[in-house]
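**Student:** Following the hints, put chain B in place on chain A, whose structure we already have.
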Amino acid sequence: MTTFPSASVFFQVLINGVLLGCMYGIAAIGLSLIFGTMRIIFLAQGAVMILAAYCIYWMATLSPINPFFGFLLILPVFLGLGWIMYKGLFQKVAKAGANPSLLLAFGLMVLLEHLMSLIWSPTTRSVITSTSTSSLTLGSINISVTRLIVAVVALIATGLVFLFLKKTMLGKAVRAASEDMSAAALLGISPTYVSAVTFAIGIALAGVAGVAACITYPFDPFFGFLFSLKALIAVAFGGLGSVGGPLVGGVMLGVLESMSAYTFSAGWADAVAYAAFLLILILRPEGMLGRRSIEKV
Amino acid sequence: MLQEPLKRKTHLSIALALVFFFVIYPLLVDAEASYLVFLFYTAFMYVTLSQGWNIAAGYAGQVSLGQHAFFGIGCYVTAITWRAGTAGYLDPLAMLMSGAGAAVVAIVVGLPLLAKLRGDYFALGTLGLGEILRVAALNGGSFTEGAAGISIPSDVYQSIKPYYFIALLISVLTMLSLWFIAHSRIGLALVAIREDETAASANGIPILRYKILAFTLGAFVTGLCGSLNAYFVFHIDTAGAFNLNWVIMPILMVILGGVGTFVGPVLGVFSLIAAFELIRLLTPQLHPIFSGAFIILVTLFLPDGIMSYLTGHKNRLLHKLSPFKWLALNK
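So the sequence lines, in the order shown, correspond to chains A and B. So that you can map any letter, position 231 of the first sequence is 230 in numbering that gives the first Met the number 0, and since no number is skipped, the others follow by simple counting. So that you can map any letter, position 239 of the second sequence is 238 in numbering that gives the first Met the number 0, and since no number is skipped, the others follow by simple counting.
Pulled out of the complex, with its shape left as it was, chain A reads as follows (with noise of 0.2 Å):
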């Protein structure tokens, strides 16, 4: 165990693991999403921020663009894919029920790993942006620039959702149908368009989270399923089905794994954080800031 030898290296650890914690919550929120509507633990999310990092590498590459660009490239794609991946096959699936839609987005999962592997080999890539070498110096503290743009494109993209949610017609029509779907269908908001909206709007997080991803880390085909691993930890920490929750959430376990890595060691850092992710299953089901639900009978 190493203690913090002074408050700046102790900073220094907390807004690295605060700046990583904002990667883990964009796609926390995404999965969270899904699952308030759809009630399924959205394993392929890892999976389709890979896809998205890809489209990256190879934006970046191939083209003088910015990957920073890639942002509002993945934005508008990735909700139109999400929305095909729902009508194509989450829609007659869902209703056969939640227990097949989960086994039909690890089966997604597997194929696009497989499909990512084939067609680009499982290389691990990484993409070189203008600022991946530049960092702040704040006092003693240094802040990598790439790393605090993905956290403030994690705030726009948090921002966004909420407000769509809390000032959209359609943004109430997602709530009221996480809250209760059949009281909700009851009141005329239809359960597909509610799904595949919400569907659509996880899947395009999943992207920006993608993006995020690959200019901070190099990546692999099979590197998603730790990230959906993550951002369920994530979701667990906030609560799940609400916004502000999973990227708090994020945040913590950030910060935790962050923690954690300083003072054992990197390997112990996902043990901690699974063991407070069991903890809180535990002593707190319904998150760090989530309400109490009562059960009805």
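Read the hints as simulated data drawn from the structure, not as lab findings. Since we're looking at a predicted model, the values are computed, not measured. Among the hints, a few may not be true.
Interface residues of chain A toward chain B, partial, derived using beta-carbon atoms under 7 Å [unchecked claim]:
#	residue
1	Tyr56
2	Leu114
3	Leu159
4	Phe161
5	Leu277
6	Ile281
Using N, Cα and C, we set each Cβ at its ideal position, and we do this for glycine too.
**Tutor:** Coordinates of chain B only, in the frame set by chain A:
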């Protein structure tokens, strides 16, 4: 139960004929060279793993995503006792200890998880358990030998036959226990818990005790499989022992066959292995892609499992599994 009331005698004779076939098959062919013998061995293992998941998830409604934890424990208990010299090659005692180790962990972890968590949260918690154990084994120092893993001397290997028969024995015993449980008070209690926990509890069923029983039994047989696997691969590392395949494949097979049915998972195991092997033979390079596509096709066109197709009545159960209660109006 869910199966159509075919004559019990017919069922019994089909089962006996099948077991008889599997017993004599490796004696008739050249077992060492036969690929089919190896495939059957794999299938027996998956029958056990599938029923180990099915008893808690299908019958009692407690969906576990952490079976790879128990499989891994089985692998490591066997490898460590072998290294320490306390167990020999294909030692039944070591295998029982591996199963018992998994069962003990299932009880210790199951108590808080099953008492406090329902549905999705239980599934997520068990997934966390598997990952914690994987990371712990990775960082276990000289005890688990970290990422390099433990090697068992492989020169003791002589024939695949003992593996084949042990796997067959374990799967038959698992099937028998499941049959007796399903047709006893315990089975009724498990199904009652799955259908409505509150109502079951109100009728005096000690729900926690029965949930733990189902979960632990599943863990025990999964640990046995892990132990046999350790003796088969001779090298235990975290990537192999705690591989998510050990939880995902059985779930896939059970869903393909029919969740909460007795025969369904067996059909699921054999048809999935047959399908994957065919794909592998036809397109060696592309087979993982087709495996993914196959899963997607099954869920699109056969979401209720093979059993529902055979018995003609829809397996509504899949939708009732507590984590995945789906919209009543959307059915």
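**Student:** Next step is simple, just say for each hint if it's right about the structure.
**Tutor:** Verification of the supplied hints:
{"no.": "1", "hint": "Tyr56", "verdict": "violated, 21 Å"}
{"no.": "2", "hint": "Leu114", "verdict": "holds, 6 Å"}
{"no.": "3", "hint": "Leu159", "verdict": "violated, 27 Å"}
{"no.": "4", "hint": "Phe161", "verdict": "violated, 24 Å"}
{"no.": "5", "hint": "Leu277", "verdict": "holds, 5 Å"}
{"no.": "6", "hint": "Ile281", "verdict": "holds, 5 Å"}
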